[in-house]
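> These are the residues of each chain, in order.
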Amino acid sequence: MNNQTMQTFGGVRGFLARMGSIDRRWIFLAVALSIGVPILLQLRPPEVPGPMARATFEAIEAIPSGSRVLLSFDYDPASEGELQPMANALVHHCASRGHKLVFMALWPLGKQLADTTIKDVLLEFHPGYVYGTDYAQLGFKTGNEGVIKIMTTAIPQQYPSDAAGTPLASLPLVASIKRLEDFKLIGTISAGYPGAKEWVQYADGANPDAFTLVAGSTGVQVSQLLPYYPKQIEGLLVAVKGAAEYEMLVTSKYPVDHDQSRFEEGRRRMGPQLVAHLLVIALIVLGNISMIAGRGLKGGAR
Amino acid sequence: MSTSKPARTGDYRLLWTSLLVFGLVGLSLNAFGRKAGMANRFVEIESMERIEVADVSTVVAGSSRTAIPEITEWVDPKDPRIAAGAVKPIPGVAPITWQVRSLVSAKDAAATDEARANGDASAPEIVRSPIDSIGVWVAAFLTLGIFSFLYRDNPWYKIAESVLIGVSAAYWMTNAFWSTLVPNLFGKLVPDIVREIAIPKLLPSESPNADFALAVVPLILGFMLIWRLAPRGGWISVWPIAFIIGTTAGLKLVSAVEADLVAQAVATMKPLVVLAQSSESATTAANTINFWGTVGSVVGLIGVMTVLVYFFFSLEHKGAVGKTARVGVWFLMITFGSAFGLTVMGRITLLAQRFEFLFNDWLNIG
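From first to last, the protein sequence lines stand for chains A and B.
Under the working numbering, the first residue of the first sequence carries the number 1, and numbering increases by one thereafter.
Under the working numbering, the first residue of the second sequence carries the number 1, and numbering increases by one thereafter.
The hints are simulated quantities; they were obtained by calculation from the structure and are not laboratory data.
On a predicted model such as this, the values are computed, not experimentally measured, just so you know.
Glycine residues also receive a C-beta, built at the ideal position from the N, C-alpha and C atoms.
Hints may contain errors.
[Claimed, not checked] Derived pair list, reagent style BS3-like, types lysine-lysine, alpha-carbon separation capped at 25 Å:
id, chain 1, residue 1, chain 2, residue 2
1, B, Lys323, A, Lys119
2, B, Lys270, B, Lys88
3, A, Lys253, A, Lys119
4, A, Lys231, A, Lys184
5, B, Lys88, B, Lys78
6, B, Lys158, A, Lys119
7, A, Lys119, A, Lys231
8, B, Lys270, A, Lys231
9, B, Lys35, A, Lys149
10, A, Lys119, B, Lys107
11, B, Lys88, B, Lys35
12, A, Lys253, A, Lys178
13, A, Lys149, A, Lys184
14, A, Lys149, A, Lys119
15, B, Lys88, A, Lys178
16, A, Lys149, A, Lys253
17, B, Lys252, A, Lys178
18, B, Lys252, A, Lys231
[Claimed, not checked] Distance ranges between label pairs, derived from CB positions:
id, chain 1, residue 1, chain 2, residue 2, range
19, B, Pro200, A, Gly66, 30 to 38 Å
20, A, Ala175, B, Leu29, 53 to 61 Å
21, B, Thr174, A, Ala62, 20 to 28 Å
22, B, Ala267, A, Arg44, 31 to 39 Å
23, B, Ala339, A, Gly132, 50 to 58 Å
24, A, Gly132, B, Leu19, 50 to 58 Å
25, A, Ala175, B, Ala339, 15 to 23 Å
26, A, Ile284, B, Ile241, 25 to 33 Å
27, B, Leu150, A, Pro255, 35 to 43 Å
28, A, Gln224, B, Asn360, 45 to 53 Å
29, B, Leu20, A, Pro167, 36 to 44 Å
30, B, Pro200, A, Asn207, 33 to 41 Å
31, B, Lys270, A, Arg44, 34 to 42 Å
[What the hints assert, rightly or not] Here chain A is said to cover these stretches of chain B; the calculated rule only asks that three of the stretch's residues, wherever they fall, bring their Cβ under 8 Å from a Cβ of chain A:
id, stretch
32, 117 to 123
33, 215 to 225
34, 228 to 240
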C-alpha cells in the first residue's frame, strides 16, 4: 500500500487502512509479549478433557494391569516442547497401571529422549521398576517404516539385542516376544515421518485387531492423523492441548507426591496459547478490516 | 520467511536501540546485582565403582585375571550375588571408579544444602557446575541469535543458523555411521574387527557366510550410489536409485491400500442415524436417537461427497455439479483453517518452550 497516499486520508478509515502497512516487527513484539507475559504471570486457563484425550486414557485403563506396552519415541528435541509433556504423562500412566514398558525409537534422537523420560519419570516416580523385568530400552533402529514392517513378524530379527547390546533372550520381559501382536498396546509419540502414520499403515494395517494403538502428535502433523481416529488410532493426543488434557486425566487419578510440575508442562503452556491465539485472531480480523477500509482509497486495496 | 525490507525502518531506530540498551542494562543487573544470579546449574555427584567378578566355580584362590578363560562381569560391589556367594571378585583386578554428574534443579540444590547444613549426612553432594552454566549461556546466545532475525538478517543470526545446521548434519552423519553402517554392514562383513574396536557386545551370527554375502549387496549398491559424485559414469547411480524406489513403492503400495483406502472407506460407511447407547436397557437404546451423532454422520457424508465432486474434473463445474463442488470448497477451507490453527498451536508451543528456557534456566526469573 502506498503510505504517502494513504496518509492523505484522515479519520478512522484512513487509520484502519494504514494499519495494513504496519511494520511487521511490531507484530513480532506483540506475539512475544503475548507469550512471555502469560509465562511470567503463570496464567493457566481451565482445561476440560476432550473425547480424544479421554479415549487415550481409557485405552490404557482398559488393558489388564501388567500388560506389555510398546512405546515408540518418534521425535527429537525440536518437538520436545509439544511432545515431552504427553510422553511424561503416558509413561507415568502406564507405570501407574503396572504395565511393562518396552521403549524404542524410529528417530535417532528419540532414544535419548526415551532415556531421559525413563530417568526423570519412570524411575523417579516408580522406583520399583527393574530393567529387563519391568521395562526395557530397545533403542533406535534405522529403516523408518521398514523397522515397523519387520517388527510385525520378527522382532528378534530387527532387535536381536537391546540398546546396550544385551541379547533380548536374556531379558525376561522381551525374551518371548516375536511380533507386534505380543504387545497389548502400542503408543507412539510422533513428530512426523516416520511416526504415527507409519504405525497405522504398517502395524495396525497388518494386524487391525491385534493390539490397541494410541498416538500423540504435533499440531503440524495431527491433521494427517485425524481421519484415523477412532477406528485405526483408538486414542489421539492433539499437540499441547491434548497433552494438557491428558495430564489432567492422569494426575487426577494417579497423583504424585513430589515434583508435580513434571506433569504440568502441557497445562503451563496453555496460558501462552490462549493469549497468542486471541492475538492471532485479532490480527486476522484487523487485517481484514484494514483491507476493507482501504478499498476505494487511492493506493488502497481493491 | 520473507526478508523484504520493512517500511519506515529509520523511524524506529531510536526505539529499537533504546530497547537494546535497556535490555543489556537489565541483563547486567540481573547477572551481577542479584544474589540468586542467573544461568545457575547444579549437579549431583555420585561416586560409582565396579569390580570384575566371575562365577564362583571358576575363581580359585590366587588366580589372576588372565588365568580365567570364562566370561566375566563388572558389577556393583554391593551386588547381592557376591554376598550370596554366587559370584566372586577376581583377585588382582583393580576396581573401576568414576563419578556420575546428574543435573538437579536449583530448588533441589537449595533443599539439599539445607539438609546437609542440618547434619543430614545421607543428603547427596550437590555442587555448582560452571561448565553447565556456560552451556546455558551458549544456548541463550544461540536462541537470541535466531530470534534476532525477526529484526533483520544479521551476522549473529548467521552464526546461530550455521551452528544449528552444522551440528545437526554432523550428528545425523555420525549417528547414521555408528547405528547403521557399523552394525548392519561392517558388523556382517568383518564382525571380529567390529567387535574388537567398536561394538564389544555385537552378537555372533548364526549364519556368518550368508550374512556376509547379503551384506555385499548393499555395499555394492552403496558404492554405485555415490558414483554420482564421480566425473564420469553418473548413470551407474541410477540402478541403486531404481532399487530404492522400487522397494519403497512395493512397501507403500499395500499399506496405503489397506490403511488409507479400504479402512478409510469402511470408516466412512456408517449409519446415518446414530442410535444412543444406553447401558441400562437395550430396548431404550434402540428407541433413542443420538441427535449430535446423527448430525455428525450427515455432515461427514455431505463433506465426503461434495469434496469428491470438487475433485471430479471429468464434468465441467457448473450447474448442480458446480454448486456441489462449491460446498466441497467450503469443507476444504474449514479443513485448511483447522490445519492452520493446529500449526499455529504447535509453533506457539515451541516459542513458549524457548521463552521458558530463557526465563527459568537463563534469567532465573521464572
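> Does each hint fit the structure? Answer for all of them.
Right, here's what the structure says about each hint:
{"no.": "1", "hint": "B:Lys323 to A:Lys119", "in the structure": "58 Å, violated"}
{"no.": "2", "hint": "B:Lys270 to B:Lys88", "in the structure": "67 Å, violated"}
{"no.": "3", "hint": "A:Lys253 to A:Lys119", "in the structure": "22 Å, holds"}
{"no.": "4", "hint": "A:Lys231 to A:Lys184", "in the structure": "16 Å, holds"}
{"no.": "5", "hint": "B:Lys88 to B:Lys78", "in the structure": "12 Å, holds"}
{"no.": "6", "hint": "B:Lys158 to A:Lys119", "in the structure": "36 Å, violated"}
{"no.": "7", "hint": "A:Lys119 to A:Lys231", "in the structure": "34 Å, violated"}
{"no.": "8", "hint": "B:Lys270 to A:Lys231", "in the structure": "12 Å, holds"}
{"no.": "9", "hint": "B:Lys35 to A:Lys149", "in the structure": "57 Å, violated"}
{"no.": "10", "hint": "A:Lys119 to B:Lys107", "in the structure": "19 Å, holds"}
{"no.": "11", "hint": "B:Lys88 to B:Lys35", "in the structure": "52 Å, violated"}
{"no.": "12", "hint": "A:Lys253 to A:Lys178", "in the structure": "33 Å, violated"}
{"no.": "13", "hint": "A:Lys149 to A:Lys184", "in the structure": "18 Å, holds"}
{"no.": "14", "hint": "A:Lys149 to A:Lys119", "in the structure": "29 Å, violated"}
{"no.": "15", "hint": "B:Lys88 to A:Lys178", "in the structure": "35 Å, violated"}
{"no.": "16", "hint": "A:Lys149 to A:Lys253", "in the structure": "36 Å, violated"}
{"no.": "17", "hint": "B:Lys252 to A:Lys178", "in the structure": "23 Å, holds"}
{"no.": "18", "hint": "B:Lys252 to A:Lys231", "in the structure": "20 Å, holds"}
{"no.": "19", "hint": "B:Pro200 to A:Gly66: 30 to 38 Å", "in the structure": "34 Å, holds"}
{"no.": "20", "hint": "A:Ala175 to B:Leu29: 53 to 61 Å", "in the structure": "60 Å, holds"}
{"no.": "21", "hint": "B:Thr174 to A:Ala62: 20 to 28 Å", "in the structure": "42 Å, violated"}
{"no.": "22", "hint": "B:Ala267 to A:Arg44: 31 to 39 Å", "in the structure": "36 Å, holds"}
{"no.": "23", "hint": "B:Ala339 to A:Gly132: 50 to 58 Å", "in the structure": "43 Å, violated"}
{"no.": "24", "hint": "A:Gly132 to B:Leu19: 50 to 58 Å", "in the structure": "56 Å, holds"}
{"no.": "25", "hint": "A:Ala175 to B:Ala339: 15 to 23 Å", "in the structure": "44 Å, violated"}
{"no.": "26", "hint": "A:Ile284 to B:Ile241: 25 to 33 Å", "in the structure": "44 Å, violated"}
{"no.": "27", "hint": "B:Leu150 to A:Pro255: 35 to 43 Å", "in the structure": "41 Å, holds"}
{"no.": "28", "hint": "A:Gln224 to B:Asn360: 45 to 53 Å", "in the structure": "33 Å, violated"}
{"no.": "29", "hint": "B:Leu20 to A:Pro167: 36 to 44 Å", "in the structure": "59 Å, violated"}
{"no.": "30", "hint": "B:Pro200 to A:Asn207: 33 to 41 Å", "in the structure": "36 Å, holds"}
{"no.": "31", "hint": "B:Lys270 to A:Arg44: 34 to 42 Å", "in the structure": "38 Å, holds"}
{"no.": "32", "hint": "117 to 123", "in the structure": "violated (count 0)"}
{"no.": "33", "hint": "215 to 225", "in the structure": "violated (count 0)"}
{"no.": "34", "hint": "228 to 240", "in the structure": "violated (count 0)"}
In terms of the numbered hints stated before, the structure departs from hints 1, 2, 6, 7, 9, 11, 12, 14, 15, 16, 21, 23, 25, 26, 28, 29, 32, 33, 34, listed from lowest to highest.
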